[in-house]
Every structure is written in C-alpha cells, then in structure tokens.
Amino acid sequence: MALRFPIYMDYHATTPVDPRVLETMLPYFTENFGNAASRSHRFGWTAEEAVGYAREQIAALLNAEKPEEIVFTSGASESNNLAIKGVAEFYKEKGNHIITTRIEHKAVLDTCKRLEKEGFEVTYLDVGADGIVSVDAVRAAMTEKTILVSVMLANNEVGSIQPIGAIGALCKERGVIFHCDAVQGLGKTEFDVRAMGVDLVSITAHKIYGPKGVGALYVRRSKPRVRLTAQIDGGGHERGMRSGTLNVPGIVGLGKACEILKNEWRGEVARIAAQRDRLRDYLFAHLDELHINGAWGEGKRLPNNLNVSFAYVEGEGLMMAIKDVAVSSGSACTSASLEPSYVLRALGVEEELAHTSIRFGLGRFTTDEEVDFVGRLVVDKVSKLRALSPLYEMAKEGINLKSIEWVAH
Amino acid sequence: MAYSDKVIDHAENPRNVGTLDKSDPNVGTGLVGAPACGDVMRLQIKVSDSGVIEDARFKTFGCGSAIASSSLATEWLKGRTLDEAEQIKNTDIVNELNLPPVKIHCSVLAEDAIKSAIEDFRRKQSQRRGA
Numbered sequence: 001m002a003l004r005f006p007i008y009m010d011y012h013a014t015t016p017v018d019p020r021v022l023e024t025m026l027p028y029f030t031e032n033f034g035n036a037a038s039r040s041h042r043f044g045w046t047a048e049e050a051v052g053y054a055r056e057q058i059a060a061l062l063n064a065e066k067p068e069e070i071v072f073t074s075g076a077s078e079s080n081n082l083a084i085k086g087v088a089e090f091y092k093e094k095g096n097h098i099i100t101t102r103i104e105h106k107a108v109l110d111t112c113k114r115l116e117k118e119g120f121e122v123t124y125l126d127v128g129a130d131g132i133v134s135v136d137a138v139r140a141a142m143t144e145k146t147i148l149v150s151v152m153l154a155n156n157e158v159g160s161i162q163p164i165g166a167i168g169a170l171c172k173e174r175g176v177i178f179h180c181d182a183v184q185g186l187g188k189t190e191f192d193v194r195a196m197g198v199d200l201v202s203i204t205a206h207k208i209y210g211p212k213g214v215g216a217l218y219v220r221r222s223k224p225r226v227r228l229t230a231q232i233d234g235g236g237h238e239r240g241m242r243s244g245t246l247n248v249p250g251i252v253g254l255g256k257a258c259e260i261l262k263n264e265w266r267g268e269v270a271r272i273a274a275q276r277d278r279l280r281d282y283l284f285a286h287l288d289e290l291h292i293n294g295a296w297g298e299g300k301r302l303p304n305n306l307n308v309s310f311a312y313v314e315g316e317g318l319m320m321a322i323k324d325v326a327v328s329s330g331s332a333c334t335s336a337s338l339e340p341s342y343v344l345r346a347l348g349v350e351e352e353l354a355h356t357s358i359r360f361g362l363g364r365f366t367t368d369e370e371v372d373f374v375g376r377l378v379v380d381k382v383s384k385l386r387a388l389s390p391l392y393e394m395a396k397e398g399i400n401l402k403s404i405e406w407v408a409h
Numbered sequence: 410m411a412y413s414d415k416v417i418d419h420a421e422n423p424r425n426v427g428t429l430d431k432s433d434p435n436v437g438t439g440l441v442g443a444p445a446c447g448d449v450m451r452l453q454i455k456v457s458d459s460g461v462i463e464d465a466r467f468k469t470f471g472c473g474s475a476i477a478s479s480s481l482a483t484e485w486l487k488g489r490t491l492d493e494a495e496q497i498k499n500t501d502i503v504n505e506l507n508l509p510p511v512k513i514h515c516s517v518l519a520e521d522a523i524k525s526a527i528e529d530f531r532r533k534q535s536q537r538r539g540a
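As given, the protein sequences belong to chains A and B, one line each in that order. Each residue of the first sequence is one higher than the one before, counting from 1 in my numbering. Each residue of the second sequence is one higher than the one before, counting from 410 in my numbering.
One or more hints might be untrue.
In silico DSS-like cross-links for lysine-lysine, where the CA-CA straight-line distance does not exceed 27 angstroms [what the hints assert, rightly or not]:
hint, chain 1, residue 1, chain 2, residue 2
1, B, 455, A, 396
2, A, 402, B, 533
3, A, 384, B, 431
4, B, 533, A, 396
5, A, 402, B, 431
6, A, 92, A, 145
7, A, 384, B, 415
8, B, 498, B, 533
9, A, 384, B, 455
10, A, 106, A, 92
In case anyone wonders, no lab produced these hints; they're calculated from the structure. These numbers come from a predicted model, not from an experiment.
Could you build the full structure based on these sequences and the hints that come with them?
Next up, the structure:
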C-alpha cells in the first residue's frame, strides 16, 4: 500500500473516527434528530432509545452492573471535574483529603489544585522511574479524612499502566471512593470496574475512534452507591448529575466505539504492540544513546506507546526534521515556560533528556509500511541532527557535559 | 506552530555547519545556552590578520528556530569586520526569519553566541600580545 503523508503517530492525542462509528452516527444528525428528553413524541423516543443502547454498549465494555451507571458528559475533562469536585462537595462533611499522583492529566491536577484553594488537602504521590505509583504509597497516604483516591489507568505520555485493581481493593477495604481516569488505557489493557473495584471512571470518545466532544463518567450505584454534587445545573438530565441536552449523535458514536473495542481490542493490541516493538527495535539497532522513558513490559506499558529520548537532539528540532510524521515531544520549546514535561520530571528524567524525548503513539490504522518508513526517517534525521549537535560532538570527544558551567539564559 | 519558509530553509539546509580548531589563535569560540534549557549554540569565527571574519561555523542543539538563527548568523558574519559583526542584533534575526514571540529567545541566544565568539577571539589575541 502506498504511504500517505503526513503519517499519524500521535494516537494518544486523538484518533480518527472509525468509519463504522461515523456510519452509526449519521442518521442521528438528520432523520433521527430528536431531543432524548422529549417524552411526548417519536423523535424523542427514538433518541432516548439510541442513548439507552449506547449506555449498554459502554457498560458492557467497562463491565458495569447497570447501564444507568453511565453519565454522559462533554468529554473526559468534564468527567474528571464532575467526579472529583462532585465527590469533594458531596462528602466534605466526611473528610477533606484527596489522594492522586503527580502524573495525572491536568484535568485532574488542576481540579485538585482548585479544591486545595477551597480548603481541601491533596496528596500528590510520586511515581517510580517506571512511571508507576505503588499501592503502598497510596496506603501510606491514607488518613481518617481521606474521601477520594484518583489514579489514572495509564499515563498519556509514557504509557505506564497503574495498579488499578490493587488500589481498588485497598480503597474498598478503607471505604474510600476510587476514581480512575481511564482515557488512555481503555481498550488497550485489562479494565473491569467490578473486578478492579473502581467507583468512578472517566472516558472520552475521541481517544477510542469516536467523535470529539463526548465522554462519560461511570458512577457506581451499589456497593457503594456513589453520590455526586452536580457541577452543571439545569434540566436535571442524567438523573440530576449532569444537566444539558444530550449529544445524541456523539453518544451513539461513543457507544459504537466501545462496542468495537469490546469485540476487537485484544487482537488489535497484539498487532499494535508488534508494530511498536518493531519500531523500537529498528531505532535501537541503528542509533546509540537512546533512552526509553517509563516502564517496559506487557501489563506495565500501553502497547501503542513508545517514548524515547534521542540524547543530544532537541525534540522540537527533531519533530521539524521529521515533519512528514505527526508525533509529540516532552520538550517544551513551544511553550512559553520552557519547562519540559512535568510527567517526565516526575519520573526523574533529567531535563537534558526530557528535551530530547519523542512520543510515538500507534493505533488502529497504523500500517507496517508506516512503521518502517518512520523508523528509517527517524534514524536518518537523528543522525543528521547529531552531526549538527555540539553536545554530541563533545560527548564523543569524551567531555563530561555535566562538568561544564552552562550559562542558562 | 507554523514555521516561516526561511526558518524551514535554514533548518533543512543549515549553512556553515562545522568545527574550527579552537586552539588556533585566529579562531574565537562562543558556547552559549544550556542542555537543560533545550538549546546550546556553538559559534566559531576565524578572523584574518586584517580583522575580517573569513570563516564562521556553528553547531546547535535546539529547535528549528535555534538552528536557523545560528545558521543565519554564520552567513551574516562572513566578510564582516569584528566591529560590524558586533552590530548584529537579535531583532535583525527575528525580522529576517519572521520568528514568533515564543522563539525570540533563539535569536537572543544567537546574538549572545556572536558576542561570546568575538570576546573569546579578543581574549586570545590580547593574551598572545601579552605573552
């Protein structure tokens, strides 16, 4: 198959809509355009039925007990806000302490920071160099005041998979509500809300080949029944937890995307992991001084994630050199702060190396030809940029770069 | 962020990449920036006995704009006297390359590299005369 440019290898950022998902959605823009809250006519009934079916599809993927445990939102940022602020507000009489990790998405971290301003106490747990938080650290952080633990299923930058089942069991034992931002791991690693004891789960459609602008929050209804204070007031949709007319086409798309994952994820993951390993092997066979950021190994890292530091080659410079390939970097040269990724910093990756990191995210539509092309292109460009790098030259001359007094500007 | 055509041209076809002998008394070397900040420029000039820059070379660790800024600087340096070279301002680089605000620090670094190379050359010369 002929290559088409640019090649997309940024599936952690977003994914294209699967044609099967799009096809399922289309009638809900036109002939079936009804408001799911309209109870008095067929347009409304059709929409409500479609939304109900999507709830079942999502509940099935998560292994939720009931479809009613799915609350639709505009996406995972809203789901994370609703879960954390909703629990904090509802249970504030019980306690004011929240536990999370340093490598959560900003939608979790910034929500926690806001709650700190309102008097809540938040513990941000460190992770190891593998990017994984330890259950013991969660246990040690728990106090009488702890009402919520929020830990992601998998990290978006380095793909590290967190011990959700063990943390869930701990939370059950202590009677603490457990929220999991499952955006990155869903459909890429084992996830089961009942087996893992998760009480709240944030998901979004656009990371799983569905449309942007729609997501969901799983809210456990029994053992324990989790209560939330709504963050958007209005018509009392979604059993009062999230008002607002439902995005029916988006919800239909999210449901279909979940159904496809439920049927296909294991096969898909095996294929993508093989491609990812092939890319890594090619790079390591042809370049020296590469460093994998985060854990490596099945069950520890997302099968589609490869985060590599190409020492002595700045990430943004490399991205420009491989502009036919869409990837992202932990370098922050584009941001005003000039601070590299907070996730890499939490893993203890030195700033020098963080600036040279590239995240490759493979996905459903990645082809073997693309993988081979990207491997060759990256090797060629890294070699050229190293020939241009004063640091590579100095390192090769045996100069210890740490011995130099650099003048930061 | 979209890069200007000139930045892309310099980054894809950098001019005057290389290394001059830094022990040569006619060579001045400037090494500025820091790996932890994501950009390091090494700019070298070779100055004739009549005080004219006859060669300029660079190597840069950094983003496309940093590479382009130093590449452009070497082009401008060749054939100038040291006094003329000192007149190069970071804003000249910004204008020539159409650098956006977040990339202005790349041009500042290039100006620093020029100044640092000239300073190194002058220091060597005065040491030689003093010796």
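Quick rundown of the hints versus the structure:
| no. | hint | verdict |
| --- | --- | --- |
| 1 | 455/B / 396/A | 24 angstroms, holds |
| 2 | 402/A / 533/B | 25 angstroms, holds |
| 3 | 384/A / 431/B | 23 angstroms, holds |
| 4 | 533/B / 396/A | 26 angstroms, holds |
| 5 | 402/A / 431/B | 20 angstroms, holds |
| 6 | 92/A / 145/A | 9 angstroms, holds |
| 7 | 384/A / 415/B | 19 angstroms, holds |
| 8 | 498/B / 533/B | 24 angstroms, holds |
| 9 | 384/A / 455/B | 24 angstroms, holds |
| 10 | 106/A / 92/A | 23 angstroms, holds |
Consistency note: the structure conflicts with none of the earlier hints.
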